[in-house]
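Protein chains: 2
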Amino acid sequence: LIALDWGTTSLRAYRVDGQGAILDKISTHNGILNVADGDFERVFNELTAAWRDRRNAVPVVACGMIGSRQGWYEAPYIACPAGATEIAGQLSVINTHSGARVWLVPGLSFTDASGVPDVMRGEETQIIGELQITQSASQVFVLPGTHSKWVRVGQGRITWFATFMSGEVFALLCRHSILGRLMQDDDGSPDSHAFRRGLDYAAVADPGSGGLLKRLFSARTLALFDKLPATAVRSYLSGLIIGSEISEGLACLGAGVADGGVSVIGNSELARLYVEALDHRGVSSRPGTTDAVVAGLFRIAGAAGLLEDSHVR
Amino acid sequence: LIALDWGTTSLRAYRVDGQGAILDKISTHNGILNVADGDFERVFNELTAAWRDRRNAVPVVACGMIGSRQGWYEAPYIACPAGATEIAGQLSVINTHSGARVWLVPGLSFTDASGVPDVMRGEETQIIGELQITQSASQVFVLPGTHSKWVRVGQGRITWFATFMSGEVFALLCRHSILGRLMQDDDGSPDSHAFRRGLDYAAVADPGSGGLLKRLFSARTLALFDKLPATAVRSYLSGLIIGSEISEGLACLGAGVADGGVSVIGNSELARLYVEALDHRGVSSRPGTTDAVVAGLFRIAGAAGLLEDSHVR
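Protein sequence lines, in the order shown, are assigned to chains A and Z. Note that my numbering has the first sequence beginning at 1, numbered continuously upward. Note that my numbering has the second sequence beginning at 314, numbered continuously upward.
Rather than coming from a laboratory, the hints here were simulated on the basis of the structure. Incorrect hints may appear among the rest.
Stated by the list, open to error - Derived Cβ-Cβ restraints for the label pairs, each shown as a range:
#1 Ser502(Z) <-> Ala251(A): 33 to 43 angstroms
#2 Lys540(Z) <-> Arg101(A): 31 to 41 angstroms
#3 Gln90(A) <-> Lys540(Z): 18 to 28 angstroms
By construction, the Cβ of each residue, glycine as well, lies at the ideal position given by its N, Cα and C atoms.
Model the full assembly from the supplied sequences, consistent with the hints where possible.
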């Protein structure tokens with residue numbers, strides 16, 4: 001199997017054997033925003049040439065924003081609940097000029113009680129892989145990022161999810177706001193004490209403390225009154241925003257749902273901050289595995305019958 | 314009286330007679346961020362030369378960010394509750410080289426139950442003026458802006474206030490976020506229907522709909538599913554953020570406090586949006602008056618005895 005995790009800013013390609021073990025891995029910055037003229041086929045051909053045979057018998061499966069409107073081909077969104085079987089039944093296929101067939105994983109959608117839709121592309125594959133690798137009994141998964149996802153799983157299928165714009169809001173406030181102008185980053189290392197102060201203020205349940213629009217201003221006033229060093233403003237704001245996401249996420253899930261713990265997908269520095277933040281809130285959490293997306297693509301390819309095909313040919 | 318409303322981006326100077334009537338008004342862009350080398354005295358001298366007499370007997374009172382750390386002189390913050398009397402008792406004075414004395418209005422501070430301070434500079438003077446002009450019985454004032462203020466008044470004194478970063482968050486999202494990239498502004502005119510849809514989604518009380526970090530993403534997904542035209546994304550987001558501020562503000566105040574209605578200070582386009590948003594939420598609101606800040610400065614100058622002084626000299 002050739003497995004492609006093709007997102008907005010990066011493209012990771014994996015060569016995988018018949019048991020799902022990774023033989024080769026190539027990481028590039030050829031995310032869909034970085035591909036000149038949208039010539040995805042050229043990027044695909046160059047990157048995987050050495051891995052394909054003449055008959056193009058090795059199946060290729062891709063997930064992520066490559067299947068979005070801005071990507072190679074717009075794959076549909078399928079409605080929750082959905083697991084590997086439902087996803088495998090809705091693959092789109094691109095027949096390239098060189099004769100390869102690239103199977104695209106669909107995105108997922110969920111519509112809330114107000115009729116407002118939510119979407120994901122790529123995260124569904126990570127979760128299916130995580131479930132496969134860890135045989136996790138977790139009901140709740142958190143995928144930190146620019147647009148963090150909280151996901152609920154039941155009997156191997158994604159039954160609900162929600163997107164939080166935490167990462168983007170944090171980046172905008174750091175780069176462009178009055179709060180960003182207060183920040184001094186000595187050496188860029190996070191200030192754990194300030195991070196936890198931010199988490200604590202985000203966790204205050206008293207409605208008199210307002211919501212996020214009000215609490216954000218505390219990063220300015222605490223600095224103004226010398227209650228927060230300029231070098232700690234960034235970490236404080238990070239704690240405040242991640243803590244607010246956790247408050248919102250737990251409220252979405254409802255009482256007790258996260259009592260069995262939460263799995264944080266990925267093993268980035270950001271994922272570690274989320275594990276710390278969840279633990280600080282009293283929610284037990286587990287960091288995720290590396291390359292879960294590969295296990296997900298392998299599982300979906302198997303459910304779609306693509307792995308049998310390649311043996312038959 | 315020479316009354317100066319000297320903020321971050323603008324400076325408005327007023328010549329006022331002994332009864333508080335405005336005789337002359339000059340508006341400039343000489344806000345504190347736009348004064349070269351921080352030479353505030355030069356700007357002051359040039360702008361008010363024709364209004365001052367040789368003896369410098371005309372009192373000068375200034376409010377706003379001119380009294381901040383980045384301004385001419387850092388005036389203190391005084392703690393709530395505070396009204397005209399308390400403010401008038403804490404004026405700072407700058408003795409200029411030309412012999413004029415410029416009296417600076419202090420800012421106000423309020424510390425919430427979590428020990429987090431909040432601050433204002435300039436808005437306190439607008440509210441004191443508004444109370445003077447309208448003899449308003451309102452308990453609650455809203456001052457829309459980059460950093461909106463909600464203020465509670467009792468017996469002529471400001472007893473509580475809170476700052477919401479709504480205006481700045483909205484501007485950042487429009488200019489720099491993935492939501493901004495979705496926006497098409499046909500002619501820049503607001504879309505009233507989309508504004509109200511944003512207000513409605515912000516007002517949904519169901520915690521399953523999450524808080525602001527989650528709801529922001531709806532501006533993207535509604536557009537993605539063709540449920541919101543690209544030309545309406547900006548107005549929808551405006552409604553969502555103003556509506557979220559109203560939810561937070563009402564929660565801060567507690568049940569029933571706003572039942573007597575809310576006064577919205579100012580008569581800008583933004584103030585009109587807030588009046589519409591509050592009415593849509595079922596909170597009766599009144600738009601404010603023009604130049605309330607002048608009435609506030611006149612009232613404070615009177616309470617400080619500066620107006621009598623000028624007659625005596």
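Going down the list of hints, with the structure as the test:
Distance hint check for Ser502(Z) and Ala251(A): the Cβ-Cβ separation is about 36 angstroms, which falls inside the suggested range of 33 to 43 angstroms. Range check, Lys540(Z) to Arg101(A): Cβ separation about 34 angstroms, and the 31 to 41 angstroms hint holds. Under the hint 18 to 28 angstroms, the C-beta atoms of Gln90(A) and Lys540(Z), about 22 angstroms apart, fit the expected range.
Of the numbered hints given earlier, the model fails none.
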